[in-house]
Amino acid sequence: MSDSLTATTVHLAGEDGSRVEAYLATPGSDEPRGGVVVIHHLPGYDRATKEMVRRFAELGYDAICPNLYSREAPGADPSDAAALVRAAGGVPDERLVSDVKVAAAYLRALPHANGKVGVIGHCSGGRQAVLAACRLDLDAAVDCYGAFVTGTPPAEHPLNVTNLVPLLPQLRAPLLGLFGAEDKFPSPEQVAELDEILTANDKPHQFFSYDGAGHAFFAVDRPSYNVAAANDGWERIETFYAEHLGA
Amino acid sequence: MCTYITVKTDIDGSAKAPGGKWFRVTDAAAYFDHPVHAMAEHTLNLDLTDPAGGPGQRIALELTAASAQRVIDAIQEALDAAPAALKE
Chain A
0 MSDSLTATTV HLAGEDGSRV EAYLATPGSD EPRGGVVVIH HLPGYDRATK
50 EMVRRFAELG YDAICPNLYS REAPGADPSD AAALVRAAGG VPDERLVSDV
100 KVAAAYLRAL PHANGKVGVI GHCSGGRQAV LAACRLDLDA AVDCYGAFVT
150 GTPPAEHPLN VTNLVPLLPQ LRAPLLGLFG AEDKFPSPEQ VAELDEILTA
200 NDKPHQFFSY DGAGHAFFAV DRPSYNVAAA NDGWERIETF YAEHLGA
Chain B
0 MCTYITVKTD IDGSAKAPGG KWFRVTDAAA YFDHPVHAMA EHTLNLDLTD
50 PAGGPGQRIA LELTAASAQR VIDAIQEALD AAPAALKE
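As given, the protein sequences belong to chains A and B, one line each in that order.
Just so we're aligned, residue 0 is where the first sequence starts under numbering that gives the first Met the number 0, counting upward by one.
Just so we're aligned, residue 0 is where the second sequence starts under numbering that gives the first Met the number 0, counting upward by one.
If you are wondering where the hints come from, they were derived from the structure by calculation, not from laboratory data.
Think of the CB as a built atom: it goes at the ideal place given N, C-alpha and C, for glycine as much as any other residue.
A portion of the hints provided could be inaccurate.
[Claimed, not checked] Here are some of the chain A residues that sit facing chain B, going by a computed Cβ distance under 8 Å: (1) Asp2; (2) Pro42; (3) Asp79.
[Said to hold, decoys possible] Estimated spans, in silico, between C-beta atoms of each pair: (4) B:Lys20 <-> A:Pro203: 35 to 43 Å; (5) A:Ala227 <-> B:Leu85: 54 to 62 Å; (6) B:Gly12 <-> A:Asp29: 54 to 62 Å; (7) B:Ala51 <-> A:Asn200: 42 to 50 Å.
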């Protein structure tokens, strides 16, 4: 496997007519390969997320991350864009699903695509990855500590987020869940509830919860980073995607 | 976690941008969530903005919960100490 890759900015044709900025990384080989849609977290289309996109290309996948805030704040600093969109109420679920759909189609149309596309998200993106996998034809989904897949979101605040419990029976892709045992949102109880619902509905899934790890243990630039959990988590992701997105 | 909680209010005043230029601020948003820069898992984040000026017209603060409370107390003490006639 080559570690050569190309990373660049592209623009997707949003279903609402918008031009959606996206970060694309592709391996330097001519081998057939799967694709990965990376959903950025609530803090935005930032450097850490783009590093993950490049890592998936290094692992042999075409990877893309749509800038979910490019409509409201094109070209803005990621944190400024995140603040603006947050104050405006956040990204509606319908728009998120549409943007992931367009991004997945873009990956499937690339020259070396094998037609298989997975999705991954962290934190708010973890919930959105599950949402996308319930609504779209995807081949694998990874939820990294997404809160409010189960559980009750706060009411009476501008970001109107609902849990995904009613949608879970429609999950269309195998799900890998990576969680911190010390996390409070999602709590171990909420993870257990998700596990029970998926088991009851015969939905293939694998969950791993790491002792000593809290929320955001993959975030290399934050105090929550947990080396052991992150390293094992990346290995789980590699294995999971190799199984479900391989040529 | 991302708390998703955001509390907004209208404001009237001015803020000084990193470039040294003052600008009028019209909106404030407070939320307790992941910081971008502060070395804490969660902070009280406060954005003072002029949305009409674009996403970059923003003064952003990320304060630990205890720090935020001390700032609130300091502001409250300053307001309480000011003569009522000056606050009308």
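Results of checking the hints against the structure:
1. Asp2: Interface hint status for A:Asp2: violated (30 Å vs cutoff 8 Å).
2. Pro42: holds (6 Å)
3. Asp79: holds (4 Å)
4. B:Lys20 <-> A:Pro203: 35 to 43 Å: Taking Cβ atoms as reference, B:Lys20 and A:Pro203 lie about 56 Å apart, which means the hint is violated.
5. A:Ala227 <-> B:Leu85: 54 to 62 Å: holds (57 Å)
6. B:Gly12 <-> A:Asp29: 54 to 62 Å: With Cβ atoms ~59 Å apart, the hint holds.
7. B:Ala51 <-> A:Asn200: 42 to 50 Å: holds (48 Å)
Of the numbered hints stated above, those contradicted by the structure are hints 1 and 4, listed in ascending order.
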